[in-house]
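S.K.: Each protein sequence line maps, in turn, to chains A and B. Residues 15 to 307, numbered by this note's numbering, are exactly what the first sequence covers, in order. Residues 83 to 331, numbered by this note's numbering, are exactly what the second sequence covers, in order.
Rather than coming from a laboratory, the hints here were simulated on the basis of the structure. It should be emphasised that the depicted structure is a prediction, and the values quoted were computed from it without experimental measurement. Please note: incorrect hints may appear among the correct ones.
[To be verified] Mimicking EDC-like on lysine to aspartate or glutamate, the simulated pairs with C-alpha atoms at most 20 Å apart in a straight line are:
#1 A:K147 - A:E113
#2 B:K99 - A:E113
#3 A:K147 - B:E97
#4 B:K99 - A:D142
#5 A:K147 - A:D179
#6 A:K147 - B:E162
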Amino acid sequence: MDSAAPAILVRDLHKSYANVHAVQGIDFEVATGEVFGLLGPNGAGKTTTVEVLEGYRLRTSGIVSVLGHDPGGRPRALRERVGIVLQSSGIYRHATPRELVTHWAGFYPAPRDIGEVIALAGLRECQDVLTRKLSGGQSRRLDFALALVGDPELVFLDEPTTGFDPAARRAAWDTIRALADLGKTVLLTTHYLDEAQALCDRVAIVKDGRILAVGAPAQLGVGASSRYRVAWRDESGELVGRETDDPTALLHQLTSAALARGTGLADLSVSRPSLEDVYLELTAEAGLQEAPR
Amino acid sequence: MTAAIALTWRQYRLERKMFWRNPSAAFFNFVLPLLFLALFGAIFAGSQQDLDVIVPGIAGMSIMTTTFNALAMNLVFLREQGVLKRLRGTPLPSGNYLAGLAAHAVTNTAIQLGIVIGAGALLFGIGLPHDWLMLVTFAAAGVVCLASLGVALSHAIPNFDSAPAYVNAIFLPVIVVSGVFYDVDHVPAFMRDIAQVLPLTHLIDGLSAAIVTGAAFADHLDDLAVVLIWAALGAVLAVRGFSWEARRG
Chain A
15 MDSAAPAILV
25 RDLHKSYANV
35 HAVQGIDFEV
45 ATGEVFGLLG
55 PNGAGKTTTV
65 EVLEGYRLRT
75 SGIVSVLGHD
85 PGGRPRALRE
95 RVGIVLQSSG
105 IYRHATPREL
115 VTHWAGFYPA
125 PRDIGEVIAL
135 AGLRECQDVL
145 TRKLSGGQSR
155 RLDFALALVG
165 DPELVFLDEP
175 TTGFDPAARR
185 AAWDTIRALA
195 DLGKTVLLTT
205 HYLDEAQALC
215 DRVAIVKDGR
225 ILAVGAPAQL
235 GVGASSRYRV
245 AWRDESGELV
255 GRETDDPTAL
265 LHQLTSAALA
275 RGTGLADLSV
285 SRPSLEDVYL
295 ELTAEAGLQE
305 APR
Chain B
83 MTAAIALTWR
93 QYRLERKMFW
103 RNPSAAFFNF
113 VLPLLFLALF
123 GAIFAGSQQD
133 LDVIVPGIAG
143 MSIMTTTFNA
153 LAMNLVFLRE
163 QGVLKRLRGT
173 PLPSGNYLAG
183 LAAHAVTNTA
193 IQLGIVIGAG
203 ALLFGIGLPH
213 DWLMLVTFAA
223 AGVVCLASLG
233 VALSHAIPNF
243 DSAPAYVNAI
253 FLPVIVVSGV
263 FYDVDHVPAF
273 MRDIAQVLPL
283 THLIDGLSAA
293 IVTGAAFADH
303 LDDLAVVLIW
313 AALGAVLAVR
323 GFSWEARRG
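Chain A extracted, bound-state conformation:
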């Protein structure tokens, strides 16, 4: 197999429902083995995009390729190589996780070992409990297990940790990192910045059906605006901030002025914009552009 070909390729994807243009021309590629995140607020078009790739929705226009297949026809050969964790979906209530993982394994040509999947998903202690008695976190772990048991090359995770408490989130992150370590390609959606930052090799920021920026989380912070932010308290005790491309000169100016006055510079800090700043800036700009219309 050609490992240089992207696992996912999306070109000018559009998707309209009756009167909503949910996805308005999205382009991105996900390399094999990459963890790629679609980051954006609710209603940005993330789930629509992922569901087109999963084969649940037919695109209105554009080119989409998933592991070399067009997902629109839902070919079985593709479904055998893909694992899906939906945003929210129930499961049979009168069966146990072990029974379900075993049942799901039967759908796939070369499933993983049942016990190994149960351990990987963190379901050992509840594997023989009926699913209707599982907690929210345990149910989500079962979602992971059912998506992984077919040993997929590509895993879709639609908001995998929404509604989780911090401990459950950490556990889910560990599972996702374990997937990456196994060499799986992962496409996840999230509206949590820290999640995108913690897990993703690259992130696309999505708003109103468009991609506003794509890049590694660290690069996005620097790349989108390469400015530094310098903050300090002035003589009146007020916190002032200034953005600059050249912090060295500004700092020199500030410190020499302070020395000349014989005072200090309280709360002096130099920072680079975080992914959060970029995200807020980009999503706010997109909002402003639309306001006059």
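We have chain A; now place chain B onto it with these hints.
M.R.: Chain B only, in chain A's frame:
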């Protein structure tokens, strides 16, 4: 081919296992018709003529509860819960899934018919069926007809909360009009006319001939035809409207 059969078989086994763990499903599928049989058996205890009506009537009703009612409720629940959507994302072919589900319903029908006919023979003085081929033919046609109509109905039900209302709004009038509890010949003409259009009336007529009266199969081909026409209609509607996902909003 064997792989496809194995997939269907595994789905069937899972459905069976889960069914017995779900007391409310087991109740509606088994206890309710048998309760009706016991109650009406007691009411009609002195009249063999009435017992001759109630046994094939309950047999027909059992076919309806185990297929029409059960599939409509089950599919709406699975659709709303997202189980259908989740299954759709796996390599399991839809046909194998639905075949497993249907086989599960048919098993319930067979068990139920066995109990009703057994009770008729042992308790209600009806004896064993006269024509087994006719019994099986009508039961099979009834299963196909009512199962496909049940799947078709599931498309019309917006959510699980309203599912019992939709199902019972059809089920209760139909079992009364179709002569589950009395002989259709003894009711007002307008009700008889309605009954003549419905498949359950003809299914019960056929079952009655096979189990009780021993009338010739050839005399009931028109009944079979009506059931099969409804089956064809149900099959078209079942396939056309099928949705794997809950409606949004």
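S.K.: Below or equal to 20 Å on CA atoms is what counts here, so check K147 of chain A against E162 of chain B.
M.R.: 19 Å, holds
S.K.: Compare the distance between the alpha carbons of K99 of chain B and D142 of chain A with 20 Å, and conclude whether the hinted pair is satisfied.
M.R.: 14 Å, holds
S.K.: Please verify whether K147 of chain A and D179 of chain A have alpha carbons no more than 20 Å apart.
M.R.: With a Cα-Cα distance of about 18 Å, the restraint between K147 of chain A and D179 of chain A holds, given a limit of 20 Å.
S.K.: So if I understand the rule, the pair passes when the alpha-carbon distance is 20 Å or less; does K147 of chain A with E97 of chain B pass?
M.R.: This hinted pair holds, its Cα atoms lying about 19 Å apart.
S.K.: Decide if the proposed pair is consistent with the structure: K147 of chain A and E113 of chain A, CA atoms, cutoff 20 Å inclusive.
M.R.: 15 Å, holds
S.K.: Starting from K99 of chain B, check that the Cα of E113 of chain A is at most 20 Å away, please.
M.R.: 10 Å, holds
Violated hints are absent here; each numbered hint is respected by the structure.
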